[in-house]
Structures are given as C-alpha cells and as structure tokens.
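**Q** Residue-level listing of the chains:
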Amino acid sequence: MLDYSILIEHWDMYMQGFANTLKASVLALIGSFAIGTVMAVFRIAPIRPLNWIGAAYVEFIRNIPLILIVFVFFVGLPAIGIRFDSFTAGTLGLTVYTAAFIAEVIRAGILAVPKGQMEAARSSGLTYLQAMWYVILPQAVKIVIPPMGNQFINLVKNSSVLGVIAGLDLMYFGDLISSETFVTFDVYIFVALFYLLLTIPLSLGVGALERRLAKSR
Amino acid sequence: MIYFHQVNKHYGDFHVLKDINLTIEQGEVVVIIGPSGSGKSTLVRCINRLETITSGELIVDGVKVNDKNTDINKLRRNIGMVFQHFNLYPHKTVLQNITLAPMKVLGVPEKEAKETAMYYLEKVGIPDKANAYPTALSGGQQQRVAIARGLAMKPKIMLFDEPTSALDPETIGEVLDVMKTLAREGMTMVVVTHEMGFAREVADRIVFMDQGRILEEAPPEQFFANPREERARLFLSRILNH
Ligand SMILES: Nc1ncnc2c1ncn2[C@@H]1O[C@H](COP(=O)(O)OP(=O)(O)OP(=O)(O)O)[C@@H](O)[C@H]1O
Ligand SMILES: [Mg+2]
Chain A
1 MLDYSILIEH WDMYMQGFAN TLKASVLALI GSFAIGTVMA VFRIAPIRPL NWIGAAYVEF
61 IRNIPLILIV FVFFVGLPAI GIRFDSFTAG TLGLTVYTAA FIAEVIRAGI LAVPKGQMEA
121 ARSSGLTYLQ AMWYVILPQA VKIVIPPMGN QFINLVKNSS VLGVIAGLDL MYFGDLISSE
181 TFVTFDVYIF VALFYLLLTI PLSLGVGALE RRLAKSR
Chain B
1 MIYFHQVNKH YGDFHVLKDI NLTIEQGEVV VIIGPSGSGK STLVRCINRL ETITSGELIV
61 DGVKVNDKNT DINKLRRNIG MVFQHFNLYP HKTVLQNITL APMKVLGVPE KEAKETAMYY
121 LEKVGIPDKA NAYPTALSGG QQQRVAIARG LAMKPKIMLF DEPTSALDPE TIGEVLDVMK
181 TLAREGMTMV VVTHEMGFAR EVADRIVFMD QGRILEEAPP EQFFANPREE RARLFLSRIL
241 NH
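These protein sequences, in sequence, are chains A and B. So for the first sequence, full-length UniProt numbering puts the first residue at 1; every next one is plus one. So for the second sequence, full-length UniProt numbering puts the first residue at 1; every next one is plus one.
Don't read these hints as lab results, they were simulated from the structure. Nothing here was measured: the structure is a model prediction, and the numbers come from that model. Possibly wrong hints are sitting among the right ones.
Claimed, not checked - Restricting the straight-line Cα-Cα distance to at most 20 Å, the calculated cross-link-like pairs of lysine to aspartate or glutamate (EDC-like) are:
#, chain 1, residue 1, chain 2, residue 2
1, B, K154, A, E210
2, B, K92, A, D175
3, B, K92, A, E180
4, A, K115, B, D168
Said to hold, decoys possible - The following residues of chain A were derived to be distant from chain B, with all beta-carbon distances above 12 Å:
#, residue
5, A56
6, R83
7, V113
8, M118
9, A121
10, W133
11, Y134
12, P138
13, V164
14, L196
To be verified - The calculated label-pair distances, taken between Cβ atoms and stated as ranges, are:
#, chain 1, residue 1, chain 2, residue 2, range
15, A, S203, B, P127, 21 to 29 Å
16, B, N69, A, V72, 54 to 62 Å
17, A, G205, B, D67, 22 to 30 Å
18, A, E59, B, S36, 38 to 46 Å
19, A, I64, B, S36, 31 to 39 Å
For each residue, glycine too, the CB sits at the ideal point set by N, CA and C.
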C-alpha cells in the first residue's frame, strides 16, 4: 500500500512543485507556440534567408538533447553575464526546445491548407502576412490539433528537466522529499500522479476540441 | 486597361506563353478559349501576378505588373479574381469571407463593409446566406459568394478562370446570369470558359489559344461563324458536338 502520510506531511512541497510545473508548462506552451508559428512561417515564406533561419532553428534545436539546451540558459549565458534563476532558465530551455517540434507540426498544417486559399487571399490584396494570419493559420491550426496535443503533453512531461537544475518543479521536490525521508517508490508515485493530473485533462481536452471542430466543419 | 506586349513565360524548360500580344480596353469582356494545357489559366494569372512573366511587357491599369517598384497589393485591390474551385475561406462565414479584404486592405469600417457585403449578396441573389458557412452552400451559391467577394473591393477588372467548370449543370446558369449582369454594367472582364453560349452572348471578343500562343482574336459572331484558324475550327467542332 502507498504511504499516504508522505503525501500529507509534504503536501506543501508537492503543491509548490505542482504549481511550478504547471506554471513552467503554461509559459513554455505559450512561448513555444508563438516561436514555433514564427519559425514555421519562416520556413515557408517566399524569402530565402528566412527559410534558412527557420530550417536552421528546427534542425539544430530538435537534434540536441533538451538538457543541453537548458544548460545553455543555466550555465552558458550566465558565463557571458546573462543570468536567470533556475526556474526561468529551465522554462526558457523548454520553450526553445519545444518550439522546434511545434514549428514542424504547424508547417505540416500550413502545407495541408489548399493552395487556392493563399491565392484567393493574395489576389484580394492582402499582404503575405495578412493572408497567413487571417486565412491560412486558422485553418492550419485546426488541422494540426491532434499532433499539437502530443507536443503539449510531451512538453508537460519534459518540464521535469527543471528538476535537474533545481527549478523548484514537481521533480525537484520529489527528489527533495525522497532524500529527506529515504523513501523512493511512494514519493515518486505521488509525483507521477501529479503529472497525470496535468496530462490526462490535457489529453481529454485535445480530444474534445478535435471532436467539436470535426463537427463544425 | 490590360496590355500584353511580347510576353513570354517559362516553367523551367517548358514554354507556356509564347509572344503574347493582347490589349483589353476598359469595359471590354474578353473570353479566352482553347484546349486544355494551352495556357489560358497562366495568361489570366499573370494579370494579377499570381504567375510572373519571364519576358515582355505587361501593363495593367497603367502599372507595370512586374516592375520592382510596383506595389502588387495595391494593384490587386483593383483586380477581382474568381477561381474554378471558389476558394472561399471555410472557417469564415459568407459575410466574413466578403468583408475580410475590404476591412484589412482598404481599412473600411466593419459596419460599412457589412453593408457593402450585403449589397453584393443581394446582387448575386443570396442575401439569406450571409451567416452560413461555405460548406453549407451549393456549388453555384459558393461561386456567387466568390463573385460578391471580388466585387466588394470595387475592382476595375474581374478575372474568371473557368468559374462554372466545377459546378453541377443545374447551377451553372445562376452563375452565368450574375456574370452577364456584370458584363452589361460595364465591368472589364477576362473570362476563361468552355461555355460557348455565354461567350457568344456577352463577349466583345474571343481569344483562342493553343500551345501557349494566341492563334485568333475576333468578335464572337465572326469567330463562331467562321473561324480563321484550322485549329480553332477543330476545337469548336469538338466542343460544340460533345
Ligand atoms: N506550376 C507549373 N509548373 C510547370 N508547368 C505548369 C505549371 N502550371 C501549369 N503548367 C503547365 O503549363 C501549361 C499551361 O497550363 P494552364 O493551366 O495555363 O493551361 P489551361 O489552358 O488553363 O488548361 P486547362 O483548360 O486544363 O485549365 C500546361 O501544360 C501545364 O501543365
Ligand atoms: Mg486552366
């Protein structure tokens, strides 16, 4: 049986970790969605140098381990005088890393929107960016909701990287409680349950959104 | 209004448009016909720079279309385009489809844009569909919305690329009727179509294309009664007897 006294006695720590994991996830979600969208448009826009920047970002970032990107913010930039606390460094690393995957998802979505949509929008006098914003992206985002949901779930789980740099998240407090109590299994089971508390509703929410949009079109 | 002088276009090695010379005056309705792959769409799409020409001169509404200093978005305000597959925005209502460009391109206030949209929806005969989504409309209705969307920018030129080719036979007439009205009101129109009845009735001029060249240009009476070119004759006999 699980030892619930651990949960009760360390409730504050669990809650603080949970709140920070939630906060890091939400911030990284918003940030990576924004950067990912920009990079996706960069890769597709009819401007060569932007294509290169977009491609370089995606290929570089998604092919190195997340922890290394977090270290860039945690020890790399401080070495040249730009400092962050560990929570911020972790969240920034997570954002930059996830954005590369989101860029690919959104790019696929943009390419799945029929060519005629861009042509109709441009021929009416809209600029490329206006056409993207008002016509293409809303359709692309609808198309990519399922893979986007996967990326967001990965993001929540990957936020555990904050634990490695003392980022005050669930994983960090899990480690802390475990080293205080010398209990491992039960402590981490509760940590896992808290992650599920975030990921399962996210998963259900994405499913519901998908069904609703399927009906609306 | 539209002036092609020695225009050529290549897709890589493929020579799509060959030495095109064509002048279209304000208020003229020009119908372009010709076999599949002859370059009709390409020609029309050059007019608003959806395709870029390789050489020659193309002037539309007094503006050199392919000049570096040309603000293409500004030129495009004056050129409406209607596509074979309508290309309505599926995530927007009929009204939103029509008001988007006037609001974002011309900066028309929302209320005024809606009024204008309703005016053109009345004109194409479907004001009751203003709040519907495109998927809830028949093909003919969708194409009429697309025409209203083009007109809402109050363009000087309307381009049509096979506007009825994707329609059920029973809805073709309603779209052609709208186009006929437009033509009568003096809109400058360039129309690619296989509807010979329409061409005969409203065109000021027929342009016959084959293999990237304009082979013949003539008023409809003359063209249909007695085409000069053998290939035009062949094309007509095939299309009229099918
Ligand atoms: N993007 C492209 N790249 C290469 N070739 C192309 C491209 N677009 C069109 N073509 C070719 O150019 C030729 C002319 O095409 P276009 O679409 O202008 O013909 P069309 O007269 O409109 O034919 P249709 O009646 O079938 O619509 C065709 O042979 C076509 O295969
Ligand atoms: Mg065509």
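**Q** Hints the structure violates: just list their numbers, smallest first.
**A** 1, 2, 3, 4, 7, 8, 9, 10, 11, 12, 15, 16, 17 and 19
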